[in-house]
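*Asks:* Each chain, written out:
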Amino acid sequence: MEYFLQQLINGLTLGSIYGLIAIGYTMVYGIIGMINFAHGDVFMVGGFIALIAFLALVAIGVSAIPLALFLVLLIAMGLTALYGWTVERFAYRPLRHSFRLAPLISAIGMSIVLQNYVQIVQGARVKPLPPLVEGGHTLIASEDFAVQLSNVQIIVVTTTLLLLAIFSWLVARTRLGRDMRACEQDLKMASLVGINIDRTISLTFVIGASLAAVAGIMYLLYYGVVDFHIGFVAGVKAFTAAVLGGIGSLPGAVLGGLLIGLIETFWSAYFSIEYKDVAAFSVLIIVLIFLPSGILGRPEVEKV
Amino acid sequence: MSAAPDAILAVERLSMRFGGLVAVDDLSFNAQRGHITALIGPNGAGKTTVFNCITGFYKPSAGMIRLSHRDGQTFLLERLIDFRIAQWAKVARTFQNIRLFPGMTALENLVVAQHNVLMAASGFSFVGLLGLKSYGTAERAAVDKARYWLDRTGLLGRGDDLAGGLAYGEQRRLEIARAMCTDPVLLCLDEPAAGLNARESAELNDLLRFIRRDHGVSILLIEHDMSVVMEISDHIVVLDYGVKIADGSPAAIRDDPKVIAAYLGVEDEEVEQAEAEVGR
Amino acid sequence: MPNATASTSQPLPIVAALKDATVAALIALGLFFFLIGLNTDQGPSGALEVFPRFRLLAIVVAVVFAGALARALIFGRAPIGVGGTLTPWLSQAGDRIGPYVGPALLGFALVVPVLFFHNRYVLDLGILVLTYVMLGWGLNIVVGLAGLLDLGYVAFYAVGAYSYALLATHFEWSFWICLPLAGILAAFWGVLLGFPVLRLRGDYLAIVTLAFGEIIRLVLLNWQSFTGGPNGISSIPRPSFFGLPFNDEPGGFAATFGLEFTATHRVVFLFYLILALALLTNWVTIRMRALPVGRAWEAMREDEIACRSLGINTTNTKLTAFAVGAMFGGFAGSFFATRQGFISPESFVFGESALILAIVVLGGMGSQIGVATAALVMLGGFELFREFEQYRMLLFGAAMVTIMIWRPRGLVASRTPVLYLNGRKGAAAPAAQRKS
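Protein chains in written order, with this note's numbering: chain V, 1 to 304; chain C, 305 to 584; chain A, 585 to 1020.
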């Protein structure tokens, strides 16, 4: 029981990170119907920027950890958003009227570019960071097992829920959110009624990328390492989360993220750690086959 | 309503709902064999939805669609998936926004339509892969049929041009030719005259009459262009908001007040009459 | 296809151009400040520290500034992309020399072992290129002809390689029995995977195939008892010349034909073997394009709904494409296994799938010659830039993006119809953009 509870906590933490990345997939898919294959790598770039920014802040003497973390959050979100914007502007926007698979192929190219770019400029080795947030709480202690809830886990989960709340509000209540939902319904019609669709799509990428940056920071805090190819597997899993939750739905993305995090954690804990990725990938295949519109998504009617 | 003895298509109590939206509500009508039946109605009346139900692209929420061949064989179309409807029940269709294979030539478009015949002739590719003669014969027959329909639709000179490069009116005709290459018993045309000029419209009328007369194919058509509808239809079904509001010969439809009301809004006299009735 | 370039592609006046370039430089500064401007490495204490690299940063930003300025002065604000300035020239060149490239390449390939008999390096490179030509042609059936984006093609390559390796090492069956079996097994896996997933829309299919490819790799990596895990399978039997082994014993190939023994005989044999396999792939593809099934593949790529309205069973049609493509992947895999003598999951990573896909995309989806040329150019290019190993993947990713933007149908974009109404003359239709 204690072991189970511990895995539950770990799974929810991991799932929060997936959920943050998944929001970016789901928003972009909702609005232009493409799988932003490079999104996982944008997450990786976010993690790297956070790492370097933190080290730089330490180097110039900002040593109070809460302040440093706050600044890192701002820097990483801002600059990763710039990456998101640039990727959309150069690799996807020119293809908006090309054939169906062109943006996806371009996105795969972009993913390769980002991975290798980071590998070239920062090296292929794993980058470790000493734990920044230490300590935690022992929830239940029995004689042979203590259930731990670390402060990092609290930060990760609360940040995710907070951001989900903020962005749900943004999409539901603001002008930008209304424009996004309009574009989701019908791009052409949206532009006819005077919505600047280029700007709306750009902003979607910017928001998705900044959330991916947050996920990158959380990953860095939680695992204490980044390397240039954490984006690939995390990206595929986050995409699975987005599909599982129902693509196009923000709460769905977080729900899916949590589920994938739990599946992966429990699989590793009770079955075999070697096959944890196999479990996540199998979930993707099974969901797409049997539940393509996800848990919270709407079924899609094929337009004839 | 019972099916008339020689109805090729009997639609009975067809309903189609999308979530809460009722696109087609309890619709029944017949299309007679050898007739041109037109389905008309204002925009959003549910005509294309009816087509998609008949050709299997949508699965109706309720109702029955029965197609009968001359030899007495009948098919319940609501139970078949789309490509089986084309393959077994022999219903061919065109699309409101043309769906050709734009990167293939006009000829290839028409040969693709004969896929099932050729597939059998090629021994499901195994015989064909070895280059046996029987397949060559079948392929030549397919090209000859394509040539015939290109000729009939005035596209003979454009057979080797890409379908995507044809003019709009040519594309419309090519789509009809392609549908005819599947040897249908019922041809469903979704706004074939849309975007055509007067001369092209007249040619289309001739083509449809020819298809019915010389090939014995029944036609079901959605059309907005009244000059086409009134001139060539034998029978007209009028839909409004998913409900059938009239059903009859062109002459009867022309004078039906409900149809006029649906198209033009309610007539002034009727408003006055209604007001008189409520006693104002 | 929208073409907004004509009216807006005038050069900008110098002030506006400077403004554009400054904006570009600022964006570049934002993008690169941390990742290029600051390097992270282990410091003296062993912990990670940052080391400034501002000179490099300045150079990169200056290059972006100069590039943006030049672009603004030459092309103005014309959107990069479809209908860009380079396209017509490239497409004409590509279409015009297209017909001569094929026979020339084939002729060259045939004489390579004669010309370079004593140059083992060239022979090995040739074998490598031909392996990718074959993989490209195999994937071309799935992606180029049938329009199904398969991101896990390497799975079938792996299935072929492992099938061959396991059959050959456990049962000691000969290459000529294992080869077809490996192909059939790969095709079987193709059908097994394809059956449930081929109903999915294009991009979902892509992700599912990617997941499948990863699953296969992870299983190969972790199923130690069966696949040898990360150590792979070694001492896979080498092919024989239809029963005559390539050794210097009396019953060997050299002795039988009265030749002096040299290890090159085997390399030359492998060269012609993969050439023959690749040509078989090509031949089957060309034949199938002329058959109803191949035509249905192409029609499906153009418009799946229209196909179904014509009575074509698109699920079966997709399955055949998937199975045939997988089979050739399996053949290539068994060739790979017998040539290397050793295989491990390392060889079957997603990057391989991406490379094969890039070959197909760059070459021109559906074009046999384009794919062969792209394989030659890319692998040749990789060899030329061997010292810049790190940069080649970067370039290759960038090339995928650029090709999609400038020439979405690849280098050889024209499609040759198989059937003609009025004979072949005058039928050189220009390539039309596919509908989105």
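Among the clues, some could well be false.
Here are some chain V residues pointing at chain A (derived, C-beta under 10 angstroms) [as the list claims (entries may be wrong)]:
id	residue
1	Phe90
2	Leu104
3	Leu114
4	Pro131
5	Ile155
6	Thr158
7	Thr240
8	Ser282
9	Ile289
10	Arg298
Okay, the calculated beta carbon distance ranges per label pair [stated by the list, open to error]:
id	chain 1	residue 1	chain 2	residue 2	range
11	C	Phe514	A	Ile658	56 to 66 angstroms
12	A	Val695	V	Arg199	50 to 60 angstroms
13	C	Leu325	A	Pro780	23 to 33 angstroms
14	A	Pro814	V	Leu176	42 to 52 angstroms
15	V	Val233	A	Phe825	37 to 47 angstroms
16	V	Arg89	A	Val695	40 to 50 angstroms
17	A	Arg704	V	Ile289	45 to 55 angstroms
Rather than coming from a laboratory, the hints here were simulated on the basis of the structure. Glycine residues also receive a C-beta, built at the ideal position from the N, C-alpha and C atoms.
*Asks:* Would you mind marking each hint as holding or not holding in the structure?
*Replies:* Evaluation of the provided hints:
| no. | hint | verdict |
| --- | --- | --- |
| 1 | Phe90 | holds (7 angstroms) |
| 2 | Leu104 | holds (5 angstroms) |
| 3 | Leu114 | holds (8 angstroms) |
| 4 | Pro131 | violated (12 angstroms) |
| 5 | Ile155 | violated (21 angstroms) |
| 6 | Thr158 | violated (26 angstroms) |
| 7 | Thr240 | holds (8 angstroms) |
| 8 | Ser282 | holds (7 angstroms) |
| 9 | Ile289 | holds (5 angstroms) |
| 10 | Arg298 | violated (15 angstroms) |
| 11 | C:Phe514 to A:Ile658: 56 to 66 angstroms | holds (57 angstroms) |
| 12 | A:Val695 to V:Arg199: 50 to 60 angstroms | holds (58 angstroms) |
| 13 | C:Leu325 to A:Pro780: 23 to 33 angstroms | holds (31 angstroms) |
| 14 | A:Pro814 to V:Leu176: 42 to 52 angstroms | holds (49 angstroms) |
| 15 | V:Val233 to A:Phe825: 37 to 47 angstroms | holds (44 angstroms) |
| 16 | V:Arg89 to A:Val695: 40 to 50 angstroms | holds (48 angstroms) |
| 17 | A:Arg704 to V:Ile289: 45 to 55 angstroms | holds (48 angstroms) |
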